[in-house]
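Q: We have chain A; now place chain B onto it with these hints.
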Amino acid sequence: MVTLFVVSIVIFVAVNLLPGDFAEAILGQGATPESVAKIREDLGLDQGMIVRYFQWFGGMVTLDLGTSFAQLNFANSLGGAGTVTVADQIAPRLANTMFLATVTACIAVPLAVTLGILAALYRNTAFDRAANIFTLSSISSPEFFMAYVLILFLAVLNPIFPSLSNIFDGMPFSERLEKSMLPALTLTLVVTAHMMRMTRAAIINLLASPYIEMARLKGLSPMRVIVKHALPNALAPIINVIALNLAYLITGVVVVEVVFVYPGIGQLFVDSVKIRDIPVVQACCLIFAAAYILLNLTADILSILSNPRLRHPK
Amino acid sequence: MYGISRRGLLQTGAAAGVLAATGLPLRAQTAGGKLTAGLGGANTSDSWDARTHSDIFMIASCHGAVFDCLTEVAADGSLVGELAESWEASADAKTWTFNLRQGVTFHNGKSFGADDVIESLQMHVGEESKSAAKPIVEAISEMNKLSDYQVEFVLAAGNADFPYLMSDYHIVMYPAGQIEEAIAQGIGTGLYKVESFDPGVRMTASRYEGHYKGDGAGFFSEIEYIAINDNTARMNALMTGQVDTINRIDFKTESLLKANPALRIQEVTGNQHYSMPMLTDVSPFNDVNVRKALKYGINRQELVDKILLGHGAVGNDTPIGPANQYYHSEMEQLEYDPDQAKFYLQQAGLDSLDIDFSASNAAFEGAVDAGQLFQASAAAGGININVIQEPADGYWSNVWANKPFCACYWSGRATEDWMFATAYEEGVPWNDSQWDSDDSARFQELLLSARAELDSDKRREQYFEMQQILRDEGGVLIPMFANYVQAVNNRIYSPDTVGNLWQMDNARMAERWSVA
Numbered sequence: 001m002v003t004l005f006v007v008s009i010v011i012f013v014a015v016n017l018l019p020g021d022f023a024e025a026i027l028g029q030g031a032t033p034e035s036v037a038k039i040r041e042d043l044g045l046d047q048g049m050i051v052r053y054f055q056w057f058g059g060m061v062t063l064d065l066g067t068s069f070a071q072l073n074f075a076n077s078l079g080g081a082g083t084v085t086v087a088d089q090i091a092p093r094l095a096n097t098m099f100l101a102t103v104t105a106c107i108a109v110p111l112a113v114t115l116g117i118l119a120a121l122y123r124n125t126a127f128d129r130a131a132n133i134f135t136l137s138s139i140s141s142p143e144f145f146m147a148y149v150l151i152l153f154l155a156v157l158n159p160i161f162p163s164l165s166n167i168f169d170g171m172p173f174s175e176r177l178e179k180s181m182l183p184a185l186t187l188t189l190v191v192t193a194h195m196m197r198m199t200r201a202a203i204i205n206l207l208a209s210p211y212i213e214m215a216r217l218k219g220l221s222p223m224r225v226i227v228k229h230a231l232p233n234a235l236a237p238i239i240n241v242i243a244l245n246l247a248y249l250i251t252g253v254v255v256v257e258v259v260f261v262y263p264g265i266g267q268l269f270v271d272s273v274k275i276r277d278i279p280v281v282q283a284c285c286l287i288f289a290a291a292y293i294l295l296n297l298t299a300d301i302l303s304i305l306s307n308p309r310l311r312h313p314k
Numbered sequence: 315m316y317g318i319s320r321r322g323l324l325q326t327g328a329a330a331g332v333l334a335a336t337g338l339p340l341r342a343q344t345a346g347g348k349l350t351a352g353l354g355g356a357n358t359s360d361s362w363d364a365r366t367h368s369d370i371f372m373i374a375s376c377h378g379a380v381f382d383c384l385t386e387v388a389a390d391g392s393l394v395g396e397l398a399e400s401w402e403a404s405a406d407a408k409t410w411t412f413n414l415r416q417g418v419t420f421h422n423g424k425s426f427g428a429d430d431v432i433e434s435l436q437m438h439v440g441e442e443s444k445s446a447a448k449p450i451v452e453a454i455s456e457m458n459k460l461s462d463y464q465v466e467f468v469l470a471a472g473n474a475d476f477p478y479l480m481s482d483y484h485i486v487m488y489p490a491g492q493i494e495e496a497i498a499q500g501i502g503t504g505l506y507k508v509e510s511f512d513p514g515v516r517m518t519a520s521r522y523e524g525h526y527k528g529d530g531a532g533f534f535s536e537i538e539y540i541a542i543n544d545n546t547a548r549m550n551a552l553m554t555g556q557v558d559t560i561n562r563i564d565f566k567t568e569s570l571l572k573a574n575p576a577l578r579i580q581e582v583t584g585n586q587h588y589s590m591p592m593l594t595d596v597s598p599f600n601d602v603n604v605r606k607a608l609k610y611g612i613n614r615q616e617l618v619d620k621i622l623l624g625h626g627a628v629g630n631d632t633p634i635g636p637a638n639q640y641y642h643s644e645m646e647q648l649e650y651d652p653d654q655a656k657f658y659l660q661q662a663g664l665d666s667l668d669i670d671f672s673a674s675n676a677a678f679e680g681a682v683d684a685g686q687l688f689q690a691s692a693a694a695g696g697i698n699i700n701v702i703q704e705p706a707d708g709y710w711s712n713v714w715a716n717k718p719f720c721a722c723y724w725s726g727r728a729t730e731d732w733m734f735a736t737a738y739e740e741g742v743p744w745n746d747s748q749w750d751s752d753d754s755a756r757f758q759e760l761l762l763s764a765r766a767e768l769d770s771d772k773r774r775e776q777y778f779e780m781q782q783i784l785r786d787e788g789g790v791l792i793p794m795f796a797n798y799v800q801a802v803n804n805r806i807y808s809p810d811t812v813g814n815l816w817q818m819d820n821a822r823m824a825e826r827w828s829v830a
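Protein chains in written order, with our numbering: chain A, 1 to 314; chain B, 315 to 830.
Extracted from the complex, chain A is given alone in its bound form (with noise of 0.2 Å):
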């Protein structure tokens, strides 16, 4: 809770540094100095920085994310009916997100953990580098470069996967996830080198340990030394690894997004930015930080429960 109220100052702070305003975006060529005071004093934007800090913490508090200078400005050139909240805003594009990480999640957890698992199992072999090669390199591209590689040999060359990955309400969902899948690929080439590299270590790191000294002594096959007893043991790192990268399956699809032209949060946030929409960049931020901080929270609880040790302190 502190930690979102500190971060509420931080985003509130850096979006009001950004330059221009929404008066000036939206008007563009169009500004007159009339017309832009006009909009200002109509938003409330030609208050003090530390009044509309307290007007927006007030909302927030009572999980009013307030409404989006764009509907704010509709409105009031119609009279103020029929507004849209920025909640309303962004709930059908956080359910898109959220689904996009779902099915990321599905491919990329299993991926990463059974190459980590693999590759700590014929660690230093052939098979053991290039998984190392490959989801390193995936990871030391930037993504836009990946899903442009992705598109030109899925879509263009092989068209087998959409590059237009316009998903809608009532979209059938085996539409929905086959329109979402380059996407969910590029992200999955993106998150995977970092849990796989963290399973391999982990369980490599426990190797030494002399309760697996004794199991292979015990004659166990090395599948299930490592299965059995190092991986159980090696959960906690891991489940904080994963948690880290689920919450940059929410926050960090921004380019991927506008890459695939996927109606989900980051591309919202984009639009947003673009516009100095400030209602709904600061709402996507403080959900950003929310998820980082609801995930970090869910992976420490989880790492307690998958240690016994910790389970009953003495």
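Check each hint, because a few of them may be wrong.
[Unchecked claim] Here are the simulated lysine to aspartate or glutamate pairs, DMTMM-like style, with alpha carbons at most 20 Å apart:
1) B:Lys348 to B:Glu568
2) B:Lys444 to A:Glu41
3) A:Lys38 to B:Glu442
4) B:Lys620 to B:Glu568
5) B:Lys620 to B:Glu679
6) A:Lys274 to B:Glu538
7) A:Lys274 to B:Asp512
[To be verified] Here chain B is said to cover these stretches of chain A; the calculated rule only asks that three of the stretch's residues, wherever they fall, bring their Cβ under 8 Å from a Cβ of chain B:
8) 156–169
9) 269–279
No lab work stands behind these hints: they were computed from the structure. This one's a predicted model, so the numbers in the text were calculated from it and none came from an experiment. Ideal placement from N, C-alpha and C gives every residue a C-beta, glycine not left out.
A: Chain B alone, transformed into the frame defined by chain A:
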């Protein structure tokens, strides 16, 4: 469906001779099918409020598909009636009577009449209004309903172009008494009825049965416009066949599209121009000789070749382009001539000149590069230009019309008077060269007399003279006209004459194109 409509015949009439010569049959357009367009220029702030529209996604959705105006500019540039059937003016062009089409219904069933026209126009005026069409509607001093299907407009001053102004994409017709509802849901009289609309994401619409335009327009049974602001994503979507057409082709990758046999590129030169306004009330630009020196110091062809990569035409320092009625195409083209530049500098009593040029890519893509090319070419004429790169944010508020010499763009206007009244008339807020000094007296005089002139020959003479004045003495450098470049999948048929007033066949691809 297989006949040729009156409108269609008029539109293709000009091209008929060419068609006959090439042996192509005059074809009928097939009805049905779906048009999927990927359009850049969408925002999350988009709505069905035409007063706020400024970019192609909403113009194509609202003005081009769901709503109608009183008049319409056809693909060949002529003015035809849309919701108005005919109109006549008094001799002084002050009083205009519009006869409205009968039997037209809005998508919610309400029938269209004079009240709708009056209320739809009134929403643009008033102190609170931020409408971009405010100056147009403010010029109407009286609106009278003569009958259910006849409206009389009395203008404050005569304006021969008034029917053209009624084709503006901001001035669409809403149902009287239900305007808020119509803006919320998109209820118009257009060829297509809104099915779904997600601002900044997607718009779908289906053909409105029994539309007054009949079988001669609006051939698709459904349309889908997808917002794709990212250039590469838009191109990918077209290349992989997920959309049938896209706007704003990135010139750098155009060759890739050209190499694809399933696609064709449409390129038209319209009125969109890139300009460099100088404030003519600020030294040294208040000296006409300095302005002339600069006009000779810029290499226009080089800018077209390097900034537009050839997708444009050289400008002659007038904002009137090939899409205008009275475009002075025979006027001698200003050429790059450093000796002339030096000569005019001497006339101004100067050996050399040091000036600042403010630019940002917010003005147009490549504006800073254009400034540097200008710098190099002007140096040979003794003019030293210091190019200042300004921040894109707040460019239009802080730099344009504030700094004495900067980069700018205009999408142009359908009529000469409209363009001049927007940016060249004495006292208007967007007069970005402060073109109101004594130098401009003759121009301002002609502007007013041409506006009320109904005789087309006399108007032509006056507009030609005005273009001449701007070329020789005006305060705006207009080095180039930028083409509209878009690409279409061969699955879609588009007529040979494509509108050049605005992108995507004047944003009317849903009305004019069909499945091939």
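Q: Now tell me, hint by hint, if it's right for this structure.
A: Each hint tested on the structure:
For the proposed pair Lys348 of chain B and Glu568 of chain B, the alpha carbon gap of about 25 Å is over 20 Å, so the pair is violated. With a C-alpha separation of about 13 Å, the suggested pairing of Lys444 of chain B with Glu41 of chain A holds against the 20 Å cut-off. The suggested pairing of Lys38 of chain A with Glu442 of chain B holds, with an alpha-carbon distance near 8 Å, which does not exceed 20 Å. For the given pair, Lys620 of chain B sits about 15 Å from Glu568 of chain B by alpha-carbon distance, which is consistent with the 20 Å threshold.
A distance of roughly 12 Å separates the Cα atoms of Lys620 of chain B and Glu679 of chain B; the hinted pair therefore holds under the 20 Å criterion. At roughly 25 Å between alpha-carbon atoms, Lys274 of chain A and Glu538 of chain B are farther apart than 20 Å, so this suggested pair is violated. The suggested pairing of Lys274 of chain A with Asp512 of chain B holds, with an alpha-carbon distance near 18 Å, which does not exceed 20 Å. Residues of the stretch 156–169 of chain A with a Cβ under 8 Å from some Cβ of chain B number 7, which satisfies the need for three, so the listed coverage holds.
With 5 residues bearing a CB less than 8 Å from a CB of chain B, the stretch 269–279 of chain A meets the requirement of three and the coverage assertion stands.
In summary, the structure is inconsistent with hints 1 and 6 from the numbered list given earlier, while agreeing with the others.
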